[in-house]
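J.: Here is how the chains run, residue by residue.
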Amino acid sequence: MRKLRILLADDHSVMRSGLRALLERQTNLEVIGEADNGRDAVSLSSSLSPDVVVMDVAMPLLNGIEATKSILKQSPSTNIVMLSMHSDESYVMRSLNAGARGYLLKDSAAAELLSALDAVSHGKSFFSSAVRRLLAEDYIRVLRQKGIVDSYDLLTAREREILQLLAEGKTNKEVAADLNISPYTVETHRAHILEKLGLHTPAELILYAVRKGIIH
Amino acid sequence: MLFGFCALLVLMAVLAFDSFHALNELETSSAAVRQDYLNRERTLRDIRFSLYESGNVLREYFLAKPVPAARESYLKQIHDLRDHAGASLESCLHSLPRDQSGAFQKLDAELSSYWLLADRIFLVDPTESNSLSLRNLALTQRASVLSLTGEVSDINELDFRQAEAQISLVFAETRHRIRLVGISALSLGLLLAASTILYLVHLERLAREKYEETLRSQNELKELSKRLVDAQEQERRAISRELHDQVGQSLTALLMDLQNLSDTPPPTSALASGLQRIKLLAEECVDEVRNMALLLRPSMLDDLGLTAALEWQGREVSKRTGLVVDVIDDEFTDNLPEEHRTCVYRVVQEALHNCVKHAHAHRVRIVVQEEEQHLVLSIEDDGIGFDPRRHRGMGFLGMHERVTRLGGNLTVDSLPGHGTRVRVELPLTSSPIPQGVQS
Chain A
1 MRKLRILLAD DHSVMRSGLR ALLERQTNLE VIGEADNGRD AVSLSSSLSP
51 DVVVMDVAMP LLNGIEATKS ILKQSPSTNI VMLSMHSDES YVMRSLNAGA
101 RGYLLKDSAA AELLSALDAV SHGKSFFSSA VRRLLAEDYI RVLRQKGIVD
151 SYDLLTARER EILQLLAEGK TNKEVAADLN ISPYTVETHR AHILEKLGLH
201 TPAELILYAV RKGIIH
Chain B
1 MLFGFCALLV LMAVLAFDSF HALNELETSS AAVRQDYLNR ERTLRDIRFS
51 LYESGNVLRE YFLAKPVPAA RESYLKQIHD LRDHAGASLE SCLHSLPRDQ
101 SGAFQKLDAE LSSYWLLADR IFLVDPTESN SLSLRNLALT QRASVLSLTG
151 EVSDINELDF RQAEAQISLV FAETRHRIRL VGISALSLGL LLAASTILYL
201 VHLERLAREK YEETLRSQNE LKELSKRLVD AQEQERRAIS RELHDQVGQS
251 LTALLMDLQN LSDTPPPTSA LASGLQRIKL LAEECVDEVR NMALLLRPSM
301 LDDLGLTAAL EWQGREVSKR TGLVVDVIDD EFTDNLPEEH RTCVYRVVQE
351 ALHNCVKHAH AHRVRIVVQE EEQHLVLSIE DDGIGFDPRR HRGMGFLGMH
401 ERVTRLGGNL TVDSLPGHGT RVRVELPLTS SPIPQGVQS
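These protein sequences, in sequence, are chains A and B.
In terms of the working numbering, the first sequence has 27 at position 27, counting the first letter as 1, and numbering is strictly consecutive.
In terms of the working numbering, the second sequence has 259 at position 259, counting the first letter as 1, and numbering is strictly consecutive.
Derived from the structure by calculation, the hints contain no laboratory data.
No experiment lies behind these values; they were computed from the predicted model shown.
Hints should not be assumed to be uniformly reliable.
Within a straight-line C-alpha distance of at most 27 Å, the following computed BS3-like cross-link-like pairs (lysine-lysine) qualify [claimed, not checked]: (1) A:K212 - B:K357; (2) A:K146 - B:K226; (3) B:K357 - B:K319; (4) B:K357 - A:K146.
Kindly generate the complete structure, drawing on both the sequences and the hints.
T.: This is the structure in C-alpha cells:
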C-alpha cells in the first residue's frame, strides 16, 4: 500500500519535530518535507505534491490560510489540515473558506493528528473534539440569546441525509452515487438546504453540521 | 503703580482746589480794594460838594443880609451840609487803612474847624465888619480844606495803585504756583503712563510666553500620550506573541512528547497515571496562556484582520456576560493599516466594556463599513444611557485620543434611558496593506 506523503508547515521547530516524531512511528505514512513559513509551504507543496499538508495558521511571510488558498489553486486535490492554537470560530470559518478539510488544535494534535490525517485523506472533514464542542455550545447559546428558532426541523429526512453527506466532504456526484439519485437532484436538495438554513457557502454548511453535531 | 495713580489724582485735586481758592481770593480782595477806593472817593466828593454848597449859602447870606429871623434857614442849610459831609466821613473813617487814617483825621479836624467858623458867622450880624472878616476866615479855611481833600484823594489813589500792584503780584505768584503744580502733575502722569505701558508690555510678553509654554507642554503631552498608547500596544503585542509563540508552543510540544511517551507501554501503572496528570496540567497551562495572550491582544487582529477580531470579541463578551452582540461587517473589505485596525478594535473593546459595566445593556449592535474613503464604526446599545455632557470617563477619553490621533472623530450620543451610540469616522488616506501578510 502506498504511504501517505505529508508536508509539515509550522514556524516552530519544536512543534515540527514533535509532529515528526509522532508521525515517524507510523508505518503507513511518511513526512516528505518541512516548511517554516507560508511561502515555503506553497513552493514545497508545488514541488513535492504531498497528499496532506499539515499547516500552521499563524506563520511569517504568508499565513496558513493564505498559503492554503494558494496551494489549492495550484492543486485542488491536496488535502489540508489546519493546525492552530485557537478554537475560535473566526479561525475555523476562514480555514474552511480557504478550503482546508480539517481543523486541528495544537494541544490535542498528539491525540488527534492521526485521526485527522485519516479523515482528510479519505476526503472527509475533521475537527478537533474541543472545536466541535465549542462550536456546538456557541450555536446553542446564540440561538437562546437571540431567540432564533433552529430551522433544522424544517428539513425533510432526505435533506438531512444529504446535508450530512455534503458536510462530510462529499461532492454532489458522490452523494448521488451513495443515494442512487441523479447529481441534479442532489444539487436541488443542496440549494433547498442552504436556503432553509440561511447559509451561503459550503464552508458555512460544514460549520453548521459541526455545530449541530451532525458530523464528528 | 496704584500708589502712583492715587498720588496723581490727589495732586490734580489739590491743584484744582488751590487754583480755584486762589483765584477766588484774588477776585474778592481785588473787589474789596476797588470798593474801598470808590467809597473814599465818594466821601471826598461829598465833602467837596458840602464845601462848595456851604460857600454858596454863605455868599447868598451875605448878599441878602437877612433879618435875624430869616437867618435860621441859612444856618439850617449849613447844618444839613455839615451833617451830610460828617456822616459820609464818619462811615469812611471806620474802614480806613492805617496809612490813610492820619490824612483823613486831619481832614476831619480841618473840616470841623471850618464848620465852627461857619457857625460863628451866623452869630454875628452880617452888616457888622467883623462878620465880614469872619467870612473871609471861613473862606480861607474852606480853601485849605478843599486843597486837603485834593491831597487825600491823591493819597487814596496812590494807595489804590499799591493795592492793585500787590494783587497782581499775588496773582503772578498764584499763576506760578499753578504752573509748577501743573507741570509736576503732568510729568508724574507721563511717568506713570510710561511705566504703565512698560508694565503692560512686560505682562503681555509674560502672557505670551506662558501661552507658548502651555501650548508646548500640551503638544508634548499629546506626543507623550501617543507614545504611551503606542508603547502599550507594542508591549501587549510583544507579550501576547511571546506567550503564544514561545510558552504556548513549548507547552504544545511538551504535550506531544507526553503523548509519545504514553504511546509506548509504561512499566508501571503509577508512571502512567503520573503522565496523565502531567498531561492535564500541561493542557490547562496551554489554555491559560492562550487566554492571557488573547486578552492582551487577540492574535486574530494580526492573523486574520479586524472583522475576525471583532467577531471573536463579540462572542467572548457574549459568552462571559450574556450581552447579545451583533457584529455587522458584511460591507467591509478589511484591509486596513495596522494602526487603524488596532484603533477600531480598542474602541470597540472599550465600548463593550462600558455596555457591560455602566450601561447594563442587553443588546449591542456594532457596524463597520466603508463610506467614501472613510471607515465608519458605530456601536449602539439599549442600555440606560447617560448625559455625555456631564459624564465623560477615562474610557471615552482614551477612545477619543486613539481616534483623533489618526485624524478621525468620535461622537457619543446618549440620553438617560435611551441607550448610547458611539460613532467613529476614520479617514482612510494611507495606503492599505494586503490582508493576511504578517510583518
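J.: Taking the hints in turn, state whether each one holds.
T.: Hint check:
no.	hint	result
1	A:K212 - B:K357	violated (33 Å)
2	A:K146 - B:K226	violated (39 Å)
3	B:K357 - B:K319	holds (15 Å)
4	B:K357 - A:K146	holds (21 Å)
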